[in-house]
Amino acid sequence: LRLILGDQLNAAHSWFRSPRPDVLYVMMEVRSETDYVRHHAQKVLAIFAAMRAFAAALQAAGHRVRYLKIG
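So in the numbering used here, spot 47 of the sequence shown is number 805, and the numbers just go up one at a time.
Check each hint, because a few of them may be wrong.
[Said to hold, decoys possible] Ranges between beta-carbon positions, derived for each pair: (1) 824 / 770: 21 to 29 angstroms; (2) 789 / 759: 20 to 28 angstroms; (3) 795 / 819: 26 to 34 angstroms; (4) 824 / 772: 16 to 24 angstroms.
For the record, the hints were derived by calculation from the structure and aren't laboratory data. Here a beta-carbon is modelled for each residue, glycine too, at the ideal position from N, C-alpha and C.
Use the sequences and the hints to build the structure in full.
Now the structure itself:
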């Protein structure tokens, strides 16, 4: 199990070189992450959009991903 946060969307990271069936990546849109400092609503939406796109790219590359949307 590997947790990926919104500021860790690096496709060049060694974790993503090749899919591993024993690894599950978990990504979550967590409300507390949007509230620890004041963010503009558009910035929060941009972060979540980037996370969703990254998760989709990982899945398309054959990685196992569990993505949990806010709300």
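(request) Determine whether the Cβ-Cβ distance between residue 824 and residue 772 falls within the hinted range of 16 to 24 angstroms. (result) Distance hint for residue 824, residue 772 holds at roughly 21 angstroms.
(request) Given the range 20 to 28 angstroms, decide if the beta-carbon distance of residue 789 to residue 759 lies inside it. (result) holds, 21 angstroms
(request) Note whether the CB distance of residue 824 and residue 770 lies within 21 to 29 angstroms or breaks it. (result) holds, 22 angstroms
(request) Note whether the CB distance of residue 795 and residue 819 lies within 26 to 34 angstroms or breaks it. (result) The hinted range 26 to 34 angstroms holds for residue 795 and residue 819, with Cβ atoms some 32 angstroms apart.
Violated hints are absent here; each numbered hint is respected by the structure.
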